[in-house]
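Here the protein sequences line up with chains A and B, keeping their order. For the first sequence, my numbering gives the first residue as 1, with consecutive numbering after it. For the second sequence, my numbering gives the first residue as 789, with consecutive numbering after it.
Treat the hints with care, since some could be wrong.
[Claimed, not checked] Within a straight-line C-alpha distance of at most 20 Å, the following computed DMTMM-like cross-link-like pairs (lysine to aspartate or glutamate) qualify:
1) Lys239(A) x Asp840(B)
2) Lys57(A) x Asp820(B)
3) Lys860(B) x Asp16(A)
4) Lys842(B) x Asp255(A)
5) Lys568(A) x Glu538(A)
6) Lys553(A) x Glu576(A)
7) Lys890(B) x Glu8(A)
8) Lys19(A) x Glu864(B)
9) Lys842(B) x Asp318(A)
10) Lys667(A) x Glu832(B)
11) Lys20(A) x Glu196(A)
12) Lys829(B) x Glu661(A)
13) Lys317(A) x Asp840(B)
14) Lys860(B) x Asp613(A)
15) Lys860(B) x Glu26(A)
16) Lys842(B) x Glu322(A)
17) Lys838(B) x Asp673(A)
18) Lys837(B) x Glu682(A)
19) Lys60(A) x Glu859(B)
20) Lys239(A) x Glu844(B)
21) Lys57(A) x Glu83(A)
22) Lys302(A) x Asp613(A)
23) Lys894(B) x Glu8(A)
24) Lys82(A) x Asp820(B)
25) Lys896(B) x Glu8(A)
26) Lys889(B) x Glu8(A)
27) Lys612(A) x Glu296(A)
28) Lys837(B) x Asp255(A)
29) Lys837(B) x Asp673(A)
[What the hints assert, rightly or not] Chain A is nowhere near these chain B residues, computed Cβ spacing over 10 Å in every case:
30) Lys889
31) Gly893
32) Asn905
Simulated from the structure, these hints should not be mistaken for lab results. For each residue, glycine too, the CB sits at the ideal point set by N, CA and C.
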Amino acid sequence: MSKSVSKELFKNVNPDLYKKDWQWQEGDLTVTRTAQWTAPGCHDACSVLCYTDKDGKVVKLEGDPNSTYNQGRLCMRCLNYKEAINSPERLKWPLKRVGERGENKWERITWDEAYDIICDQVRYIQKEYGPECIIGMQGTGRNIIWQTPYLTYSAFGSPNFALGFLSGDSCYLPRTATTYCLFSDFFIVDCGHMVEDRYDNPEWKRPDVVMVWGNNPIISNGDGFLGHWLIDLMKMGTKLIVVDPQLTWLASRADYWLQLRPGTDCALADAMINVIIEENLYDKKFVEEFTFGFDELAEKVKEYPPEKAAEITWVPKDTIIEAARFFAQANPGAIQWGLAVDTQVSGIPTAHALTALTAICGNIDVPGGNIVVRGAHNTADAYGCGRWNLSEEMLSKELGIDASPMHKDGFASSAQGDAVLEAIESGKPYPVKMLFLQTTNPIACMGAEAPRVYAAMKKVPFNVVVDVFMTPTAVAFADVVLPAAFGMERNSVRCWWWPMKSIVKCSQYEECKSDEQIILDLGKRLNPENFPWETDEEMMTWWIQSGSRFGAKWPEAADFDFDGLKKKVMSFPKWEYRKHEKGLLREDGEPGFNTGTGKLELYSTLFDMWGKDPLPTYTEPPESPVSTPELYKQYPLVLTCGQRSWEFFHSEHRQLPTMREFHPNPKVEIHPDTATQLGIQEGDWVWIENQRGRCKQIATISPTLDPRVVRAEHAWWYPEKPAAEPSLFGVFDSNINNLTTQCVVGDQGYGAPYKNLLCKIYKCTEENSKVTPTEQVTRMGGFGYVKR
Amino acid sequence: MSKDKKTYGILIDYHYCTGCHACEVACKSELDLPHGQFGIKLAEDGPRKKIDGKWELTYIPIPTELCNLCEKRLSEGRLPTCVHHCQSACMDFGPVEELAKKMAGKTKQVLFVPAVNSSRSV
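Let's have the full structure, built from the sequences with the hints guiding it.
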């Protein structure tokens, strides 16, 4: 079966047209084989053929049919690349603010002038207040993973690199921090993408069952996982379990769809472990040889029998039992987990329970299971890149370091967004004097309690925004705006997790520079010792080869430079399964995992040492029908939000006519019974409101939701509306973060309830719509709940 | 393809069409179609609860009258852009006789023969 799928994927590749060189001529056009990541944004970086004309202009992108990564496939956003790069809205040169913040009045300046302004401010703040008063921030998945952290630690000299104002660091970090505590590594689903021959590799096996938990990967493609690989697996016979409050396309094709109440994942996972242990369906050999604390786990999950979990999660008892058996009997099974694991106060215990669930089923690092993965060539890790350039004293000043021992002991490599917000608001433990915001648009996107973030950001004396379009964040707060290059206009590398791919500069647009180049330019001015590279290519070579810094047994460090990668297009280090049996994971070369016990810890000795819960205990969302019944009477719907759209990557792509043709306005989904009760019809503008604020979106009737749940979109702003305040591109009008929380996080400082809140919904009328939310926030001090 | 008289079609395995819109945008970009115009358009059925309690949810992209079966790409030796870029790899292109053979014995398949077949220069 795998052979026929491979054949289908590589159908009719015409070798005269689709070569395996990295570059060639096709008539007047130059064809470059590389990867397109961002801008505009994406979580992946598919292999493309970039066709440029003799003036260096991109004529088209085509999926590279010889790529073992995406086999010629591309999504609608890459296929619309030409419209994006030619958008008249693009930033073209550096700008300096001349009016008040929010007036959208700018003056064109040169790069040298822009760098002078920024460097003068940085040096002044370093001297007068201390480097820690400067915060570097970036958005998710965009081209810069390690770069802004490196700039922050190594040029600004500050320990404060943060993920915008993402409350509870609720994206990936709860999962990575947990797995690093439990077994010192991370797991992903094995879609054969670790080896160049993919599905034809003799060692690879297709998973019997993939359990898709809390994400819709065919749209989101999170964390380097190309969602449509799951379709390849399905064609080969893989079955699905889908855990999601809404019927996704994958759920419609699944053997089991577990429609849980948002934010109850941990109770569901614990109940599945309960069934698997009670019914003796676990992998005794793996448990015996490679795990620690099985008996304690078995005792713990007795607290979550299926009937109790059914009550908590709203998933029927029999469905929980049957799905647990179905997963346990798969050989192998694999969990494809996603963002919804992180966006809850139970983020850590949920990640803990899911790790335990797949581990006891014997899926860890077996072909077609949940393989243990590191960055290809073990490159310098992302958010911590360059921390070695800071003194212990400076590192101890990191904001949010007291959030938990996990933060203090270095299992978190970013300053906690909530703590940064509180520092701006209170000036404690020290004032925040500068934000360097690189490809992040917090008030439009992931900044929870957006009106509060707006009020705080206005208070920071100096802000720099680096982006590709004029965003609401730039208009409201920036003093200097720097224009970033698009994907095909930069030299870079994509490596999350596997393989390593080149990103080759094919084109130049106006005065735009790559984020990498901007960081290098600033770094060389501020602290040349830490930026010893002459060119962006030299800097990328350092990163490509940075695996040698860490001396890990596996995978091997790269011995090629940027030019070498460019010519290889992609690089696959030697892949190994069952690394824990071969002594490839531990620093001492012994078999097992790189933990204190040498085992994968089902009972966490680290959590125990820190005085934290060593086992996965479910916590009810802080606002829910169960935890706040009085509030539930006032706001009688469970609100989940932030599901991904085909057309957009977070707050991006809203200015592109083709994307808006497919998806003109924000949509909130409501069950038909609930809509009827509320007098709401398909297409009505409705207010979504709770005690913190409100926003409006368009009602979409959805029979597949639970009638008690509504689901709203995130990251909406309207580039077509005026930029200057009080309009501010209508950034708060449909902003679901008018309703979310800051500083309400899980026990270890991780996980905020983004996707599990309460709300009410009512139709917009002329009477109740006199003041827009954006006017309310920018001119009237917010909704009255904003903490001053 | 202008040199032969074969009828060409597009075969879709609609069990695997996820409704991702890649074919629609690939086509708009290839033919440089204005806002509101499509050479292939996605149709949706459902989600609707079936008698057995499971959900029906089906997507099928339908070639429109603007589809020219990527005449230019074909003359260069490429596949139609929708087939090339389909994220589920659930689209195929070729003479209808060959595609009909591929359909035999399978389920949830649909074969489209776009209108351009009648006006193609022979």
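Against the structure, the hints:
no.: 1; hint: Lys239(A) x Asp840(B); in the structure: 19 Å, holds
no.: 2; hint: Lys57(A) x Asp820(B); in the structure: 17 Å, holds
no.: 3; hint: Lys860(B) x Asp16(A); in the structure: 16 Å, holds
no.: 4; hint: Lys842(B) x Asp255(A); in the structure: 10 Å, holds
no.: 5; hint: Lys568(A) x Glu538(A); in the structure: 17 Å, holds
no.: 6; hint: Lys553(A) x Glu576(A); in the structure: 12 Å, holds
no.: 7; hint: Lys890(B) x Glu8(A); in the structure: 12 Å, holds
no.: 8; hint: Lys19(A) x Glu864(B); in the structure: 14 Å, holds
no.: 9; hint: Lys842(B) x Asp318(A); in the structure: 16 Å, holds
no.: 10; hint: Lys667(A) x Glu832(B); in the structure: 18 Å, holds
no.: 11; hint: Lys20(A) x Glu196(A); in the structure: 14 Å, holds
no.: 12; hint: Lys829(B) x Glu661(A); in the structure: 13 Å, holds
no.: 13; hint: Lys317(A) x Asp840(B); in the structure: 19 Å, holds
no.: 14; hint: Lys860(B) x Asp613(A); in the structure: 64 Å, violated
no.: 15; hint: Lys860(B) x Glu26(A); in the structure: 15 Å, holds
no.: 16; hint: Lys842(B) x Glu322(A); in the structure: 16 Å, holds
no.: 17; hint: Lys838(B) x Asp673(A); in the structure: 18 Å, holds
no.: 18; hint: Lys837(B) x Glu682(A); in the structure: 19 Å, holds
no.: 19; hint: Lys60(A) x Glu859(B); in the structure: 17 Å, holds
no.: 20; hint: Lys239(A) x Glu844(B); in the structure: 17 Å, holds
no.: 21; hint: Lys57(A) x Glu83(A); in the structure: 13 Å, holds
no.: 22; hint: Lys302(A) x Asp613(A); in the structure: 16 Å, holds
no.: 23; hint: Lys894(B) x Glu8(A); in the structure: 15 Å, holds
no.: 24; hint: Lys82(A) x Asp820(B); in the structure: 11 Å, holds
no.: 25; hint: Lys896(B) x Glu8(A); in the structure: 17 Å, holds
no.: 26; hint: Lys889(B) x Glu8(A); in the structure: 15 Å, holds
no.: 27; hint: Lys612(A) x Glu296(A); in the structure: 15 Å, holds
no.: 28; hint: Lys837(B) x Asp255(A); in the structure: 15 Å, holds
no.: 29; hint: Lys837(B) x Asp673(A); in the structure: 15 Å, holds
no.: 30; hint: Lys889; in the structure: 15 Å, holds
no.: 31; hint: Gly893; in the structure: 13 Å, holds
no.: 32; hint: Asn905; in the structure: 20 Å, holds
Checked against the numbered hints above, the structure breaks only hint 14 and satisfies the rest.
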